[in-house]
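From just these sequences and the hints, can you work out the full model?
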Amino acid sequence: MKTSKVSVADNEETFFGYTLSIINGKWKLLIIYYLSKHGDVRYNELQRMIGKITYRTLSSTLKEMESDGLVHREEYPQIPPKVEYSLTEKGQTLWPIIQEMCQWGEHNNEK
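One rule links them: number in this note's numbering = place in the sequence shown (from 1) + 162.
In case anyone wonders, no lab produced these hints; they're calculated from the structure. The beta-carbon is built from N, C-alpha and C at its ideal position, and this holds for glycine as well. Incorrect hints may appear among the rest.
Claimed, not checked - So the derived label-pair ranges between C-beta atoms look like this: (1) Glu272 <-> Glu251: 35 to 41 Å; (2) Glu237 <-> Gly179: 31 to 37 Å; (3) Gln265 <-> Pro243: 21 to 27 Å; (4) Asn206 <-> Pro258: 24 to 30 Å; (5) Arg235 <-> Lys188: 19 to 25 Å; (6) Glu175 <-> Ser221: 17 to 23 Å; (7) Asn271 <-> Glu237: 36 to 42 Å; (8) Gln254 <-> Ser183: 17 to 23 Å.
Here it is in structure tokens:
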């Protein structure tokens, strides 16, 4: 019996592949987690919550998530400048998935 291997390119054409492409990355799930828990968050607050993430990495990840429609960036015209990030409706729909992942971790953590 011959089995075929599914390539990454083939995977991107499935709904599962699309979902993976949206949440793929070291920091995206953490960003979604913190924005879900805390609502509107300023850039530096988010960086402190996440911890070991560089300014450049957080900035590029947020821009990518914004272009994917997961994150909304609100810029306030004031001095000093104020920018807040929040989840869009699309981003909020990922919260139940993250909750399930948290429950899975709780039940399968062998500490």
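Comparing the hints with the structure gives:
1. Distance hint for Glu272 and Glu251: a CB-CB separation of about 37 Å, consistent with the stated range 35 to 41 Å.
2. Hint check: Glu237 to Gly179, Cβ distance near 33 Å, so the stated range 31 to 37 Å holds.
3. The hint said 21 to 27 Å for the Cβ distance between Gln265 and Pro243, and at roughly 39 Å that hint is violated.
4. Here the CB-CB span from Asn206 to Pro258 is close to 29 Å, well matched to the stated 24 to 30 Å.
5. For Arg235 paired with Lys188, a C-beta distance near 20 Å keeps the hint of 19 to 25 Å intact.
6. For the hinted restraint 17 to 23 Å between Glu175 and Ser221, the CB-CB distance of approximately 30 Å leaves it violated.
7. For Asn271 and Glu237, the Cβ-Cβ distance of about 40 Å falls inside the hinted range of 36 to 42 Å, so the restraint holds.
8. Look at Gln254 against Ser183: about 19 Å separates their beta carbons, and that is inside 17 to 23 Å.
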